[in-house]
Each structure stands twice: as C-alpha cells, then as structure tokens.
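Engineer: Now for the letters of each chain:
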Amino acid sequence: DAGITQSPRHKVTETGTPVTLRCHQTENHRYMYWYRQDPGHGLRLIHYSYGVKDTDKGEVSDGYSVSRSKTEDFLLTLESATSSQTSVYFCAISEVGQTSYEQYFGPGTRLTVT
Amino acid sequence: RKEVEQDPGPFNVPEGATVAFNCTYSNSASQSFFWYRQDCRKEPKLLMSVYSSGNEDGRFTAQLNRASQYISLLIRDSKLSDSATYLCVTAGSNYQLIWGAGTKLIIKP
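So the sequence lines, in the order shown, correspond to chains A and B.
Residue numbering for the first sequence follows the working numbering, beginning at 1 and increasing consecutively.
Residue numbering for the second sequence follows the working numbering, beginning at 1001 and increasing consecutively.
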C-alpha cells in the first residue's frame, strides 16, 4: 500500500470554526489531491497540487484553501466550516499528473459540521 | 446530465454468478478510463484501467465502447469478497479525473 496518512481520521466541529485536515505521504510523489465524497455524488476534486507551493482549484473549491510547503504534506483548510461541508475527505497522490496514471488514496477523514 | 453516470444498484448476485454493469460518460474526447473499487468506509483503489481494445484481468473484463460512450465491467465466478462499490472514472479537462457515484455490488452466499 502507498504510504499516505490523513489526520485527523474523524472530526466533529461547529459551524463557523476553522478546520485543517492534513495529508502526509512517504512516496515522494509530485501530485497531491483533495477530494470530497458525498452520497449520490462521485468523488469531487477540491484542490490539487503539482509541486511545493504549486496548487490549483478543482471543481468544488469554494470555501476551501490549501497549502503545500513540503513535498510530503498537503493541508486542506476550511476557513469557516459550514454544514454543507460535512463529508468524507480523501487525499490522493500520483507520480504523474496525467490522467492515465493511477491515483493512490489515503484512508479518509470523516468531518461532521454541526 | 452528469458527466459520468452509473446505476447505483445495489446489484444482489449469488456467489459464482456472472455480473456486469455499465457506465456512461459525456466527454467524447476522454482518453482515459478506469474502474476503481471501494469497500465500505474505505478508500478507493484501482481495479483496472480500460483500454480501447478491452482488457481482462483474471475474472474481471473491462470494455470500452466509444461510439455509445460507455464502459463496462464484467465479473465472472463472483466471490463474496467482490462485494464492494465499483467506481467508474474518466479523464476530464486539465488532467483531472471525473468520477461516477458508484455501483454497489452485494454477493450473497
């Protein structure tokens, strides 16, 4: 299994509070991704990174920001959490950015915003 | 219309049976197709890539039909361990993947 960890694994927070999720990889892969997964929807890309300090928006980036100061860490921040951000968040990595290459996923973080 | 559509199921299938499900996609320019498998409350994992000529991996066969814009997954001699949700994935724009919501498969003894 690819060396990807996410923390925390579970979190309950209140509306309006800031939340940061962490993704850590030991594979030295260049590309990292944050997705959210909700019932009835496929995985939806929030943000991705193609190198240290190089990030771009995905399909559902509103309300989220990211940072990547080291190859191994990719942080997702909800500046002011809302109930619509209750979801399962997955981090993924890939060696190459082109879509023909496999993405490897972390175990996920279950976030509940009350 | 969703970019990638799958029948959510569940498909309830007896052990040993053959099961097939399709996925339709809207981006006719897509060049990459995959099936991922996701176990309950776990992360997705790549099951197989789907090539233009079709491909087989043991009991699993994937086919691509560009004219009708769908891909299929066939599972032969199904096992209890095949119970999972199967996610159809295609390439979107800007090197991003587009994911279907998944088809749930339940194999019954």
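Keep in mind the hints are simulated off the structure, nothing from the lab.
In this text, all values refer to a predicted model and were calculated from it rather than measured experimentally.
Incorrect hints may appear among the rest.
Stated by the list, open to error - Computed cross-link-like contacts, SDA-like style, restricted to lysine to any residue with a CA-CA straight-line distance of at most 25 Å:
1. B:K1045 / A:D73
2. B:K1002 / B:S1078
3. B:K1002 / B:P1014
4. B:K1045 / A:R110
Claimed, not checked - Far from chain A, some chain B residues (derived; all Cβ distances over 10 Å):
5. V1004
6. V1019
7. S1049
8. S1053
9. N1055
10. E1056
11. S1068
12. S1072
13. Q1096
14. K1108
What the hints assert, rightly or not - What follows is a list of derived Cβ distance ranges for each label pair:
15. B:N1012 / A:T13: 34 to 40 Å
16. A:P107 / B:S1053: 31 to 37 Å
17. B:Y1070 / A:E95: 25 to 31 Å
18. B:Y1070 / A:T114: 26 to 32 Å
19. B:D1077 / A:S65: 45 to 51 Å
20. B:N1022 / A:G16: 42 to 48 Å
21. B:G1058 / A:T13: 42 to 48 Å
22. B:A1067 / A:G16: 46 to 52 Å
23. A:V12 / B:N1055: 32 to 38 Å
24. B:D1039 / A:T114: 26 to 32 Å
25. B:Q1031 / A:R110: 31 to 37 Å
26. A:T17 / B:N1055: 46 to 52 Å
27. A:G3 / B:L1080: 26 to 32 Å
Beta carbons: idealized from backbone N, C-alpha and C, even for Gly.
Engineer: All hints, please: hold or fail.
Structural biologist: Tested hints:
1. Of the supplied pair hints, the one linking K1045 (chain B) and D73 (chain A) holds, its CA atoms being roughly 21 Å apart against a limit of 25 Å.
2. A C-alpha spacing of about 29 Å is found between K1002 (chain B) and S1078 (chain B), which places the hinted pair above 25 Å, so the restraint is violated.
3. Between K1002 (chain B) and P1014 (chain B) the alpha-carbon distance is near 31 Å, which puts this suggested pair outside the 25 Å criterion.
4. With a C-alpha separation of about 18 Å, the suggested pair K1045 (chain B) and R110 (chain A) falls inside the 25 Å cut-off, and the hint holds.
5. Annotated as non-interface, V1004 (chain B) brings its C-beta within 10 Å of a C-beta of chain A; the closest such distance is 6 Å.
6. With a cut of 10 Å on Cβ distances, V1019 (chain B) stays outside the contact zone with chain A, its closest approach being about 21 Å.
7. For S1049 (chain B), the non-interface assignment is contradicted: its Cβ lies about 8 Å from the closest Cβ of chain A, within the 10 Å cut-off.
8. Look at S1053 (chain B): its CB is around 15 Å from the nearest CB on chain A, clear of 10 Å, so calling it non-interface holds up.
9. For N1055 (chain B), the non-interface assignment is confirmed: its Cβ lies about 14 Å from the closest Cβ of chain A, beyond the 10 Å cut-off.
10. No Cβ of chain A approaches the Cβ of E1056 (chain B) within 10 Å, the least distance being about 18 Å, so the stated non-interface status holds.
11. At roughly 20 Å from the closest C-beta of chain A, the C-beta of S1068 (chain B) stays outside 10 Å, upholding its exclusion from the interface.
12. Residue-level check passed: S1072 (chain B) sits 18 Å from the nearest beta carbon of chain A, beyond 10 Å.
13. The non-interface label for Q1096 (chain B) is inconsistent with chain A: the shortest C-beta to C-beta separation is roughly 6 Å, within 10 Å.
14. Distance check for K1108 (chain B) against chain A: the nearest CB is about 23 Å away, which clears 10 Å, and the non-interface claim stands.
15. Between N1012 (chain B) and T13 (chain A) the C-beta distance comes to about 37 Å, which sits within the given range of 34 to 40 Å.
16. Hint check: P107 (chain A) to S1053 (chain B), Cβ distance near 35 Å, so the stated range 31 to 37 Å holds.
17. With their beta carbons about 29 Å apart, Y1070 (chain B) and E95 (chain A) fall inside the hinted range of 25 to 31 Å.
18. Checked against the given bound of 26 to 32 Å, the beta carbons of Y1070 (chain B) and T114 (chain A), roughly 41 Å apart, lie outside it.
19. For D1077 (chain B) and S65 (chain A), the hinted distance range of 45 to 51 Å is satisfied, since their beta carbons lie about 48 Å from each other.
20. Taking the beta carbon of each, N1022 (chain B) and G16 (chain A) are about 43 Å apart, inside 42 to 48 Å as hinted.
21. Taking 42 to 48 Å as the suggested C-beta distance range, the pair G1058 (chain B) and T13 (chain A) conforms, at roughly 44 Å.
22. Our hint of 46 to 52 Å for A1067 (chain B) and G16 (chain A) holds, since their Cβ atoms are close to 51 Å apart.
23. Distance hint check: the CB atoms of V12 (chain A) and N1055 (chain B) are about 43 Å apart, inconsistent with the given range 32 to 38 Å.
24. Between D1039 (chain B) and T114 (chain A), the C-beta spacing of about 28 Å keeps the proposed range 26 to 32 Å intact.
25. Roughly 34 Å separates the CB atoms of Q1031 (chain B) and R110 (chain A), a value that falls within the hinted 31 to 37 Å.
26. Restraint check, T17 (chain A) to N1055 (chain B): a C-beta distance of roughly 47 Å satisfies the suggested window 46 to 52 Å.
27. The supplied range of 26 to 32 Å is met by G3 (chain A) and L1080 (chain B), whose beta-carbon atoms lie about 29 Å from each other.
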